[in-house]
Amino acid sequence: MDRILQLLSDLSRRRFLETAGATGLVLASPLARAQTPPEGASVHGEASPENEMVTLTVNGTQHTLALDPRTTLLDALREHLGLTGSKKGCDQGQCGACTVIVNGQRINSCLALAAMHSGDEITTIEGLAHGDELHPMQAAFVRHDGLQCGYCTPGQICSSVAMLAEHKAGWPSYATADVATHPALTHAEIAERMSGNICRCSAYANIVAAIRDVADGGRA
Amino acid sequence: MKPFRYEKASAIASACTSAAQPAAKFIAGGTNLIDLMKLQIETPAHLVDINALPLREIEETPEHGLRVGALVSNSALAADMRVRQRYPLLSQAILAGASGQLRNKATTGGNLLQRTRCPYFYDTTKPCNKREPGSGCSALRGLNRMNAVLDVSDNCIAAHPSDMAVAMTALDARVETVARDGATRTIPIDTLYRAPGDTPNIETVLALGELIRSVVLPPPPPGRQLYRKVRDRASYAFALVSVAAIVAHDSNHVRSARVAFGGLSYKPWRSADAEGALSGATLTRASYDAAGTAALKNAHGYGHNDFKIPLARRTLRATLADVTGSI
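So the sequences go chain by chain: H and B. Residue numbers for the first sequence follow the numbering used here, so the first one is 12 and each next one is one higher. Residue numbers for the second sequence follow the numbering used here, so the first one is 268 and each next one is one higher.
If you're looking for bench data, these hints aren't it; they were derived computationally from the structure. Cβ coordinates follow ideal geometry from the N, Cα and C atoms, glycine included. Just to be clear, a hint being listed does not mean it is correct.
As the list claims (entries may be wrong) - For lysine-lysine, the following PhoX-like pairs were computed, each having C-alpha atoms within a straight-line distance of at most 25 angstroms:
| no. | chain 1 | residue 1 | chain 2 | residue 2 |
| --- | --- | --- | --- | --- |
| 1 | B | Lys269 | B | Lys292 |
| 2 | H | Lys99 | B | Lys305 |
| 3 | B | Lys305 | B | Lys292 |
| 4 | B | Lys564 | B | Lys393 |
| 5 | B | Lys269 | H | Lys99 |
| 6 | B | Lys305 | B | Lys269 |
What the hints assert, rightly or not - Residues of chain B placed beyond 12 angstroms of chain H at every Cβ, according to the derived structure:
| no. | residue |
| --- | --- |
| 7 | Ser281 |
| 8 | Ser342 |
| 9 | Gln368 |
| 10 | Ser405 |
| 11 | Leu475 |
| 12 | Ala553 |
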């Protein structure tokens, strides 16, 4: 399992670097609402009156993209930046496979227009590991076998990382008996807080175990 | 998705002017609108992104209530300690809706203006007077178990899907708006939504280009607050029926009560009949059942949703028993 994840991680990193490298500077038309791309930023697509110039900082790297305003954040990540870790499941905000972390908060990237996130900091599944060292939540999912087919896993992991931050900040949930208190992270709390991520293989028991492990300090 | 012009508004006045253009729309969180645009149920030609407007604060009002900016996210509102301590009903209702991801994006103003989840509104191959005025209502004789039973019309039986708005209705919230000419007004939340009548496509009293700026919560009324939601699964589903209750009582009698239902009508259903029945009533099952009977006396089922009428009565009884710690 570790080997497979490592391969997948290497593949996505390589594709990402290729895509990010294969860029040419576009001369912005004065008609486009263009921003001057910052030094060192990659530029994608062509500026035109129909396109929006969108600057996204994804996993620490700034990108400037000329995008049709209809482009969702998910499609910008997958189709324009080659970051295919975030998955398109339902494409209507019900399954959570597209979950990414924007300015520290988890959102469904399928229900976000990329143009509305210009200037934002985005973390995808590709950005959680440090080099070859998995993020503690990734390691816990491997350790607890928190997946079967793996399609929902990037969304589950991004969601759970941000969910733990929400809990740490003292946010209540529908499972919290007294919303004015800071609830302990019980099984019921984890299940409720993760209800926006569906796993068709129903690996829920192991997903909760992985999250529990990280919340408790884990071995990672 | 149909093409549209995208505009990031930098001031309230220009946002309202832009949104008053034909086929223009405000967009805030976008969790409902983008979904509807993908399905071409909403086809704005011009989108006015209001996320840069200074409407993200929750502040104290002189009357010791709270003013919630229209762009405050559902998550931020539910997690605000002032809301959790003084309006726990509102936190509970918000947390009963959607998922963590959606609540991070969805806003206070947008939640109020979200569209119905009637399956025929979403099914562009079927008639729907809300989506296509004059085409007919498929839900009347269709699969209508999620639809409304109170104060709807033969042109539309869609239910309002919000949980947050049900709590705000019980709290007598006021919606503050600014119009395209800069005029401001305050709309009691109970009068924000229009009954479907012959024009179910027109859902609120808001004018073209009129922007929700904030929602004011008056000081909380005396009594304990509770939101109870009944749905098809334990989490992340729209309400079949929900009840927001605020009840003050002594050892034997109700002193004052506020009751609002979700899932029953085109708007959150504040029940003056239930509140009247409860005023001075004993803390007994008979009193709670009488309140439920009063609340649902004009309800009308459409077949698949007939069950909502007894379910609403029982949910009210259970909520009242919980909130008063009786029976």
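Here's how the hints hold up against the structure:
1. This hinted pair checks out: Lys269 (chain B) and Lys292 (chain B) have alpha carbons roughly 14 angstroms apart, not beyond 25 angstroms.
2. Taken as a hint, the Lys99 (chain H) and Lys305 (chain B) pair is honoured in the structure, with Cα atoms around 14 angstroms apart against an allowance of 25 angstroms.
3. Of the pairs offered as hints, the one joining Lys305 (chain B) and Lys292 (chain B) holds, with about 15 angstroms between alpha carbons and a cut-off of 25 angstroms not exceeded.
4. Restraint check: the Cα-Cα separation between Lys564 (chain B) and Lys393 (chain B) comes to about 32 angstroms, which exceeds 25 angstroms; the hinted pair is violated.
5. Pair hint Lys269 (chain B) plus Lys99 (chain H) holds up; C-alpha atoms about 20 angstroms apart against a cutoff of 25 angstroms.
6. The suggested pairing of Lys305 (chain B) with Lys269 (chain B) holds, with an alpha-carbon distance near 8 angstroms, which does not exceed 25 angstroms.
7. The non-interface label for Ser281 (chain B) is consistent with chain H: the shortest C-beta to C-beta separation is roughly 15 angstroms, beyond 12 angstroms.
8. Residue placement check: Ser342 (chain B) does not keep its beta carbon more than 12 angstroms from all beta carbons of chain H (closest about 7 angstroms).
9. Non-interface call for Gln368 (chain B) relative to chain H: violated, since the shortest CB-CB distance, roughly 5 angstroms, does not exceed 12 angstroms.
10. Annotated as non-interface, Ser405 (chain B) keeps its C-beta farther than 12 angstroms from every C-beta of chain H; the closest such distance is 20 angstroms.
11. Even its closest Cβ contact with chain H, about 22 angstroms, leaves Leu475 (chain B) beyond 12 angstroms, as expected for a residue assigned away from the interface.
12. Residue-level check passed: Ala553 (chain B) sits 28 angstroms from the nearest beta carbon of chain H, beyond 12 angstroms.
Of the hints listed earlier, those the structure fails to meet are numbers 4, 8 and 9, in rising order.
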